Amino acid sequence: MEIKNRKLSEEQFHETRKEVLEQWPTGKEVQFQEAVRYHEQIPQNRRFPVCLENADRTGNTLLQPRAGVALVEEHIKLLQYLEEFGEADLLPTTIDSYTRHNKYDDAEKGIEESVREHRSLLNGFPAVNHGVAACRSVNESVFVPVQVRHGTPDARLLAEISLAGGFTSFEGGGISYNIPYSKNNLLEKTIRDWQYTDRLTGYYAEHDIIINREPFGPLTGTLVPPCISHSVAIVECLLAAEQGAKDITVGYGQGGNLTQDVSAMYTLKELADEYLVKSGFKDVRISTVLHQWMGGFPEDESKAFAVISWGAVAAALSKATKVIVKTPHESQGIPTKEANASGLKATRQMIDMLKEQVFPKTDEVNLEMEIIRQETRCIVDSLFTIGQGDVAEGVIRGFEAGLIDVPFAPSKYNRGKVLPVRDDDGAIRFLDFGHLPFTSDIKTFHQDKIARRAVTEHRKPNFQMVIDDIYAISKGRLVGRPR
Amino acid sequence: MEIKNRKLSEEQFHETRKEVLEQWPTGKEVQFQEAVRYHEQIPQNRRFPVCLENADRTGNTLLQPRAGVALVEEHIKLLQYLEEFGEADLLPTTIDSYTRHNKYDDAEKGIEESVREHRSLLNGFPAVNHGVAACRSVNESVFVPVQVRHGTPDARLLAEISLAGGFTSFEGGGISYNIPYSKNNLLEKTIRDWQYTDRLTGYYAEHDIIINREPFGPLTGTLVPPCISHSVAIVECLLAAEQGAKDITVGYGQGGNLTQDVSAMYTLKELADEYLVKSGFKDVRISTVLHQWMGGFPEDESKAFAVISWGAVAAALSKATKVIVKTPHESQGIPTKEANASGLKATRQMIDMLKEQVFPKTDEVNLEMEIIRQETRCIVDSLFTIGQGDVAEGVIRGFEAGLIDVPFAPSKYNRGKVLPVRDDDGAIRFLDFGHLPFTSDIKTFHQDKIARRAVTEHRKPNFQMVIDDIYAISKGRLVGRPR
Amino acid sequence: MNNTVVLGVIGSDVHSVGNRILEYALTEAGFHVVNLGVMVSQEEFIDAAVETNAAAILVSSLYGHGELDCRGLRDKCIEAGIDDIILYVGGNLVIGKTPFDEVRNRFEEMGFNRVFPPGTPPETDISFLKQDIILNE
Amino acid sequence: MNNTVVLGVIGSDVHSVGNRILEYALTEAGFHVVNLGVMVSQEEFIDAAVETNAAAILVSSLYGHGELDCRGLRDKCIEAGIDDIILYVGGNLVIGKTPFDEVRNRFEEMGFNRVFPPGTPPETDISFLKQDIILNE
Ligand code: B12
Ligand code: B12
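Protein chains in written order, with the working numbering: chain P, 1 to 483; chain Y, 1 to 483; chain X, 1 to 137; chain B, 1 to 137.
Excised from the complex, chain P in its bound form (with noise of 0.2 Å):
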């Protein structure tokens, strides 16, 4: 299978789209005229883009939760619960792992089960299964936009259901939905199985619709080193933007470090923009999401709030757009209602006490800025270079050659040589750089960062020192200190 970054035509879509909509059952539910005017009524209030947009005007950050449950009626109680009590500016749709992997069989029993045991025994919120009146029932009962948040390698079909369902936002791309969240997935497949996703955004778009698009930017959410999310996001960026995507949100996980994640947010949108103005696109809208820290979490509740609020913080001092918020119950499982709006409420706290106060470009924040685009440039470049200057190929290209590298990820397409470390002060460096292809300024910097840090702990920077990392947040602290 050959992959290149040009836009699917108009055939070649519809051909796949008899395909897609043949899947389940449900497929046969959507009706793309129709889901347009459907979507012409949406009001102002409840479209992603407008609000995302209003945000950035305005300065403000929205905030965001996780949450979905198996049956509809359950989950439209959770937004409207979020939405009143957790006081939620944007609503999330997170879709059960089994609809992830497409097996809406195993979907249908987790359904089944639910009702039988009345509470969710899915993770999620099987979209395809419940179908487009569902969802449109769903964006129906609250006040906010909704967004489809799931973890999909293959993602037609729920992308299919769920814009005809009403939601005006998508989460996922080709590359983070893969390496992250699956095993034996060909990037080639799930970059093509994106590129028709964001061909049917683009089309909605050809129709007026803007749907707004949001590559994952966490990924494994376990010390990824900025330049590595940021070189994910901008390629698909490119991807999304090609197939006629107008309106997306480029994404970061905090690290825990303020002035690395206030310098990663800072060179995340220039860098996007940087990017699409190079490759010709000057049209597409973007804005910017921090996920409160995503790797373990402590379990005591009352630490996690400190977790959640120290993500506040890098959001709110680094003018994220909007802010993905996590809960006390994190460290547990799936939150109930309650926990998830308390995260909410420790947020918004935090959030608008903040709405006044900026992270200065300090010469540290301008130095670690200056090394995010660098090595981002490094990849991405080379990404470039290596599919002969087409990003799609070279994407697939640079995983097969580990000139991108995701730590931790469960892909077997994923080179896995690259171990992240955190330096002295706790910013997040790289222990091996696989293959990487940075500079040797690039690698001395990280070298001299990490040696600093074996000075302090008096041992040697190794796998042990990585798994202390792991460890330290949900220990109680940033950098894993030897005890």
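Treat the hints as calculated values from the structure; they're not laboratory data. Mixed in with the good hints, there may be bad ones.
Calculated pairs, EDC-like style, for lysine to aspartate or glutamate (alpha carbon to alpha carbon, straight line, at most 20 Å) [said to hold, decoys possible]:
#  : chain 1 : residue 1 : chain 2 : residue 2
1  : X       : K97       : Y       : D300
2  : P       : K460      : B       : E28
3  : P       : K417      : B       : E23
4  : P       : K355      : Y       : D425
5  : Y       : K417      : X       : E23
6  : P       : K355      : Y       : D424
7  : P       : K412      : B       : E44
8  : Y       : K103      : X       : E67
9  : B       : K97       : P       : E19
10 : P       : K355      : Y       : E364
11 : Y       : K355      : P       : E364
12 : B       : K97       : P       : E74
13 : P       : K475      : B       : D125
14 : Y       : K4        : Y       : D381
15 : Y       : K460      : X       : E28
16 : P       : K449      : P       : E370
17 : P       : K337      : P       : E73
18 : Y       : K355      : P       : E112
19 : P       : K475      : Y       : E84
20 : Y       : K109      : X       : E67
21 : P       : K103      : B       : E43
22 : Y       : K475      : P       : E117
23 : Y       : K28       : Y       : E15
24 : X       : K97       : Y       : E117
25 : P       : K282      : P       : E53
26 : Y       : K475      : X       : D83
27 : P       : K7        : P       : D390
28 : P       : K189      : P       : E19
29 : P       : K475      : P       : E299
30 : B       : K97       : P       : E338
31 : Y       : K412      : X       : E23
32 : P       : K361      : Y       : D425
33 : P       : K355      : Y       : E457
34 : P       : K109      : B       : E67
35 : B       : K97       : P       : E117
36 : X       : K97       : Y       : E15
Here the structure is a predicted model, which means the values were calculated and not measured.
Following the hints, put chains Y, X and B with the ligands in place on chain P, whose structure we already have.
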């Protein structure tokens, strides 16, 4: 009564001492030489000055809650709980309000009713009524140092009993425990009484027992501009040092704007050192304490966690020696031990996550620090001038003249002319300078800052704006914008 | 309408911020406020109310000793011949976070006409106060 | 002691971080680890265990579908003739914060020998594992 900042002679001291120890029957339990011997055998881990010095040396910020209940056994259980489950580094014994006003009869009734009703009807621990032995059993029942925290204008007997009772730190001062904590007490009287208390500390020091002293930093806790609390802290340092205190912790109540808070903490120690040295005190060890937001708290506990966390951030990033921790029950009432521990745990998580990070000395910080220095010097120097070189006399005349003036203080000896208000970034400025001896440059600085806010809000800065700011944090924001 | 009200913080309580704001808000709302400030004894409240012929006494208690401090206030009012005066109390009335219904009961039993939880905005007090004074006349 | 153990994350679960760490820790502790990685079916677990003559199967489930995914694993073991193999399960086994006793019961009933709560440090698993293998031999 004429007051000079002059060390009380041993004679004067002993004369007063007799009277003091007769104020309540437990006074006769105090035997100075025996108390010194008792202190000599207190292990290092229970000595406040030792722990503070260690913290400063290793760059740690120590955590201290507030806590106190009516009965000895319950109080001990409370402290042990906060030590074990709250992981507190330093413990408090917060004194009840009757004792604070020397109403030992009322305290006795409170004790009796508490016994009868099996719940604490006092808002703190009545140390005077309980006496020396009870205090020792409190101190001996935990592994970390314990401080007496109160708000007592005349704390002479409390100091005698609690220091003989093995406490190694004593909060308060003749100004900071008068102006915000009482209505009719003459400054002459409270300063004189605190000279006695400081002299007692000095007397212990002459016997090689170093007791930590801590002027109460936050004053009324409500929009107090840094220069006001800094000035009081400096004056109380000078008063305490003159009487022989050797170990002093200067404090500041978080304002909420990070740049201002960090600048305040950086200048607090610097200015205290500066004035001590200038006055010839070269062997006084100064450490710092940041109080998490001391004004009105939000009712919602999740939101309270965010406020607590933001205080922890300010303490960590400004490298405070210790932080005084609030609880999620703050807006409601004296916290349960669980709520108290949860405030500690959230703070612990934040402090430890931020251990490696410092707030950079940006231009904004340098400017803010310079403003605080200038303002504080204007005030303190004017006190020396009006006191003809004597700062005790100076501060008394200064309060009379409004050269120093604490916002919202209940004391009738406070002018109450000064009005603070936040600027457009949330920093605390002066809306009304009252009679503060500021240069016109300083005044212009404040006026410009406030004018910018007025423009943003399309309204005149007036008392309504101040009220909006007083409510702001409890309503979920820093700046009280009109709705 | 008799628009004189006596305001103060009872006992050894020095929390002065809310008191300032209440004075301001009540005055803005047209009341004649006799503000005794903080650390006010029961006797001072009653003397002021008698002297100014006030329609209501507004007692604040924040610091936790409210229960101990407020007991017997209604009786003292009766002794002083102002049996029917409106008594309000508000603030952090008891020690520790307590279901407000319980708090309300305790203070209503002591003879307070209305009891307000922490964080009550002045607008609420004021609208109740106007109604109650008119009804009481 | 038979030191071969099969390790994997069951079902459609892709949480790979804990799996990496467990592999590392078990290997360091002297086990021969057959790590099947993430997204492992019941059949794959059993085939690997039979093939390598493993002493134990260590199942992780983080994502919440653990209950649905783990049912019947013991029966399949019996069918495959490895009736007595030690079965461990750990992670975030059910949906939502749940008292761990309840969780343990549910999984013990399914035939797991031991059930571990989230956040169990590898040292704990390892010391149990050594004991249980020796006892089982
Ligand atoms: C990082 C993370 C992710 C990353 C995973 C990246 C990757 N490929 O690994 C991403 C972002 C992709 C992700 C996705 C999802 N996640 Co996730 N994730 C986490 C998180 C934050 C940390 C997990 C982790 O790495 N911990 C660190 C490692 C070292 O610890 P560990 O995994 O717990 O493993 C240790 C122990 O548990 C133990 N252990 C584990 N297994 C076993 C087995 C045995 C036999 C023994 C003895 C011990 C043992 O030893 C391990 C080493 O110390 C957890 C919450 C948390 N813990 O804070 C949620 C969490 C596990 N995820 C959750 C969910 C629901 C999902 C999603 C469905 C999507 C969603 N709602 O966002 C998808 C699922 C995708 C899929 N199909 O599996 C839920 C599960 C809910 C539940 N059980 O009720 C959790 C608990 C979060 C929550 N509270 O909602 N996630
Ligand atoms: C600022 C503050 C202080 C300052 C006060 C400075 C000053 N002179 O005013 C300082 C630091 C000095 C202080 C000291 C103490 N405080 Co204090 N303090 C607070 C705090 C944080 C805010 C109070 C405030 O100003 N709020 C803002 C104003 C606008 O609101 P308000 O006071 O609630 O008043 C409004 C309403 O309640 C209502 N209202 C009030 N009274 C009335 C009456 C009527 C009739 C009506 C209708 C309405 C009404 O209208 C007001 C205006 O909107 C509160 C906790 C909180 N709320 O977050 C604790 C709090 C009140 N303090 C408390 C305590 C215990 C103390 C101390 C004993 C010491 C200690 N443990 O630290 C001392 C007591 C000293 C004394 N003798 O009184 C406790 C009381 C506990 C309880 N009831 O169980 C509280 C609740 C904190 C806590 N959770 O422990 N405190």
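Hint by hint, here is what the structure shows:
no. : hint             : result
1   : X:K97 to Y:D300  : holds, 12 Å
2   : P:K460 to B:E28  : holds, 17 Å
3   : P:K417 to B:E23  : holds, 16 Å
4   : P:K355 to Y:D425 : holds, 9 Å
5   : Y:K417 to X:E23  : holds, 16 Å
6   : P:K355 to Y:D424 : holds, 10 Å
7   : P:K412 to B:E44  : holds, 17 Å
8   : Y:K103 to X:E67  : holds, 17 Å
9   : B:K97 to P:E19   : violated, 40 Å
10  : P:K355 to Y:E364 : holds, 17 Å
11  : Y:K355 to P:E364 : holds, 17 Å
12  : B:K97 to P:E74   : holds, 18 Å
13  : P:K475 to B:D125 : holds, 18 Å
14  : Y:K4 to Y:D381   : holds, 16 Å
15  : Y:K460 to X:E28  : holds, 17 Å
16  : P:K449 to P:E370 : holds, 16 Å
17  : P:K337 to P:E73  : holds, 14 Å
18  : Y:K355 to P:E112 : violated, 50 Å
19  : P:K475 to Y:E84  : holds, 17 Å
20  : Y:K109 to X:E67  : holds, 13 Å
21  : P:K103 to B:E43  : holds, 17 Å
22  : Y:K475 to P:E117 : violated, 41 Å
23  : Y:K28 to Y:E15   : holds, 15 Å
24  : X:K97 to Y:E117  : holds, 17 Å
25  : P:K282 to P:E53  : holds, 16 Å
26  : Y:K475 to X:D83  : violated, 38 Å
27  : P:K7 to P:D390   : holds, 12 Å
28  : P:K189 to P:E19  : holds, 15 Å
29  : P:K475 to P:E299 : holds, 8 Å
30  : B:K97 to P:E338  : holds, 12 Å
31  : Y:K412 to X:E23  : holds, 17 Å
32  : P:K361 to Y:D425 : holds, 16 Å
33  : P:K355 to Y:E457 : holds, 15 Å
34  : P:K109 to B:E67  : holds, 13 Å
35  : B:K97 to P:E117  : holds, 17 Å
36  : X:K97 to Y:E15   : violated, 45 Å
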